[in-house]
Amino acid sequence: MKKTERKGVLGTGSAYAEISEMTKKLKAYEIDPEVKVVVLKGNGKAFCAGGDVVASYIYTVAGHWSYGANTYKKNLILDYAVATYGKPVVALIDGIVMGAGAGLSMHGAFKIVTENTVFAMPETAIGHFVDVGASHFLSRLPGFLGEYLGLTGTTIRGEGMVACGLATHFVLSKDLHLVERALDEVTSSDTNKISKIISKFEHKPNVKQDDVLTGIIIRLEIINKCFSRKTVEEILSSLFDLFYQEIEAGNRADKWVLEAIKSMKAGSPISLKISLKSGIRAKFLDKDENPKWEPARLELVSDEMVGQYFSRVDEDDWESLQLPARSSSVDIMRPRL
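Residue numbers (my numbering): 1 to 337.
Just so you know, the hints here were simulated from the structure itself, not pulled from any lab data. Honestly, I wouldn't trust all of these hints.
Listed next, the in silico BS3-like pairs over lysine-lysine satisfying Cα-Cα at most 25 angstroms (straight line) [stated by the list, open to error]: (1) K24 x K41; (2) K230 x K262; (3) K87 x K200; (4) K24 x K74; (5) K87 x K196; (6) K74 x K45.
Please construct the entire structure, taking both the sequences and the accompanying hints into account.
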């Protein structure tokens with residue numbers, strides 16, 4: 001992905017055309033017998049920091065809502081193409097990977113991360129929801145880790161991604177060009193052979209006890225206890241209980257618990273259930289960090305309000321939303337840790 005005005009955003013200006021171009025090239029490579037493997041990488045300090053929600057917001061408030069809808073659809077079609085691809089897709093994730101960037105990279109057969117990789121799904125902070133197929137890859141993480149990452153927008157680094165199963169390989173950033181060179185020489189689309197090639201360049205991550213990246217695995221028991229609750233209110237209540245128990249016991253409450261509470265309290269109640277406009281305005285345009293969510297509190301968000309976003313689409317609207325039937329013939333590599 002080429003570097004745009006902001007760090008690797010998808011869907012802004014030339015990047016809008018880039019999405020279409022990437023989809024077009026993927027289709028061409030899939031039927032080209034000379035192509036055995038497809039490599040995705042960023043051209044800058046980020047792999048991809050997400051979709052251009054600012055542009056979508058500006059166009060929408062100006063009355064051109066179809067811009068955002070079309071961009072969103074193009075993004076999902078691209079993600080779908082990767083997820084159902086007939087050949088191995090290798091994502092070289094060196095830098096930030098968030099939102100739409102995660103949707104593009106997480107569905108491929110191989111996710112190679114480095115010491116520079118930072119992953120997050122921060123949608124609830126802008127009144128959006130965790131999308132781009134994240135309900136697929138987050139739900140396959142250990143325990144209720146996916147719920148934790150999706151609701152809090154917590155960032156984890158490359159080491160943690162390998163440990164929890166979001167990534168398949170950890171390679172030092174300086175060695176990525178060697179991986180690319182080796183992949184240029186492959187003569188087969190066999191995922192086992194490609195995995196062995198990548199494994200030659202693997203590096204054992206430097207895992208620190210107090211880091212967010214490894215602490216996730218260490219704290220998984222607590223995450224499971226809190227984030228297995230059936231409602232957001234119950235999850236928050238469980239986190240508060242844990243926080244106050246530590247304080248009353250004279251212990252220093254874990255920083256991550258407080259950060260989880262803060263991020264969820266700051267997020268949109270219906271994003272944690274949906275007020276996209278106000279979230280983007282406050283976060284990226286006015287930068288006042290004071291979004292006016294509607295509804296403003298969790299207790300004002302009814303089950304019926306949430307259910308509207310999961311209701312059936314009218315038959316007249318369904319045809320334009322359908323994706324072509326595809327089935328990947330590639331054995332998706334599963335994380336080994």
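Q: May I ask which of the numbered hints given earlier this structure violates, with the numbers listed in increasing order?
A: none
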